[in-house]
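Let the hints inform the model, and build the full structure from the sequences given.
Chains A and B are the protein sequences, given in the same order.
Note that the numbering used here gives residue 158 to position 13 of the first sequence, counting from 1, and the numbers run on in steps of one.
Note that the numbering used here gives residue 56 to position 72 of the second sequence, counting from 1, and the numbers run on in steps of one.
What the hints contain is simulated information worked out from the structure, not anything from laboratory work.
Any given hint could turn out to be false.
[As the list claims (entries may be wrong)] Chain B is faced by these chain A residues, among others (derived, beta-carbon under 8 Å):
id, residue
1, Arg204
2, Arg211
3, Ala213
4, Glu240
5, Gly246
6, Val247
Keep in mind the model is a prediction, meaning the values are calculated, not measured.
Don't be surprised by glycine CBs; every beta carbon is placed ideally from N, CA and C.
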Amino acid sequence: MKAAVIVFPGSNREGDMARALQQATGRKPDMLWHGDHELPAGTDLVVLPGGFSYGDYLRCGAVAGRAAIMDAVRAHAARGGLVLGVCNGFQILCESGLLPGVLMRNANLRFVCKMQHLRVERSDTPFTRHYAAGQTIEVAIAHGEGNYEADDATIERLEGEGLVAFRYCDAQGRVGGAANPNGSRNDIAGIFSDRRNVLGLMPHPENLIDPLAGGIDGRGLFESLAAA
Amino acid sequence: MKARVIVTLKNGVLDPQGKAIEGALSSLGVPGVASVRQGKVFDVELSLADKEAAREALTAACEKLLANTVIENFHIEL
Chain A
146 MKAAVIVFPG
156 SNREGDMARA
166 LQQATGRKPD
176 MLWHGDHELP
186 AGTDLVVLPG
196 GFSYGDYLRC
206 GAVAGRAAIM
216 DAVRAHAARG
226 GLVLGVCNGF
236 QILCESGLLP
246 GVLMRNANLR
256 FVCKMQHLRV
266 ERSDTPFTRH
276 YAAGQTIEVA
286 IAHGEGNYEA
296 DDATIERLEG
306 EGLVAFRYCD
316 AQGRVGGAAN
326 PNGSRNDIAG
336 IFSDRRNVLG
346 LMPHPENLID
356 PLAGGIDGRG
366 LFESLAAA
Chain B
-15 MKARVIVTLK
-5 NGVLDPQGKA
5 IEGALSSLGV
15 PGVASVRQGK
25 VFDVELSLAD
35 KEAAREALTA
45 ACEKLLANTV
55 IENFHIEL
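Take a look at the structure:
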């Protein structure tokens, strides 16, 4: 598994991401700058880390979504290559057209920073193989604009085609109500692209890979990718 | 040539910021405010002389970057 992490001005989770990837794959990912035009030969996985690319000016992820490197990322995804976007990375994937929908301001207008339970919706993807379908995991969330919105037709398609990757839930795995931290439609925390080779999610699995940090529920995602 | 681009949320898209402002106006006692939607204004200076060319350039700017056409409408004033 050869991974590349794209760093934008304002990214701030690239170090955590690189550490999680190295722990799972045994090799350091390439760190690429947003102004680069090509991915290193043989790249299997491209990761867009969390942070505040370009200060979140205009809209979250809007400017990064049009950065030079994103043409290479789009081509990589079109070839079936794996792409992971976490938090601001998810916003960038939506703004760049790699995933449908948009991340709006949290419905309660508050920045939320806390531990959050998620339900893993399916385990037959390169990102979730090391989890069980329906499993509840606990990871961290930290975002002001994680309220996933899309038009009714898009939501229907995501649900119908099994493209919802993770949903916000409580410790017992129940979705809805107070378990939803930001007002996302259908409690959506993460979605796959049509071919399930692109995953965007608001929570930060890369921060839960070490017991010292409070848990290791994030490891499954990186171990799945390492085996992909 | 000076131009103004106004980007607003489409009808039906939840606008949490507009709702918060609406609530604040109501608590300030401003009468008659039925609802508030928040948008963005871009004042653009163009080096183009032709109005049609300017409109075309600004439309491209909106579709490529200024507006997220999934949730936003744009309006160009020349």
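Results for each hint:
1. Arg204: 6 Å, holds
2. Arg211: Cβ of A:Arg211 sits 6 Å from chain B, so the hint holds.
3. Ala213: 14 Å, violated
4. Glu240: 7 Å, holds
5. Gly246: Result: holds, 7 Å to nearest chain B Cβ.
6. Val247: 5 Å, holds
In terms of the numbered hints stated before, the structure departs from hint 3 and from no other.
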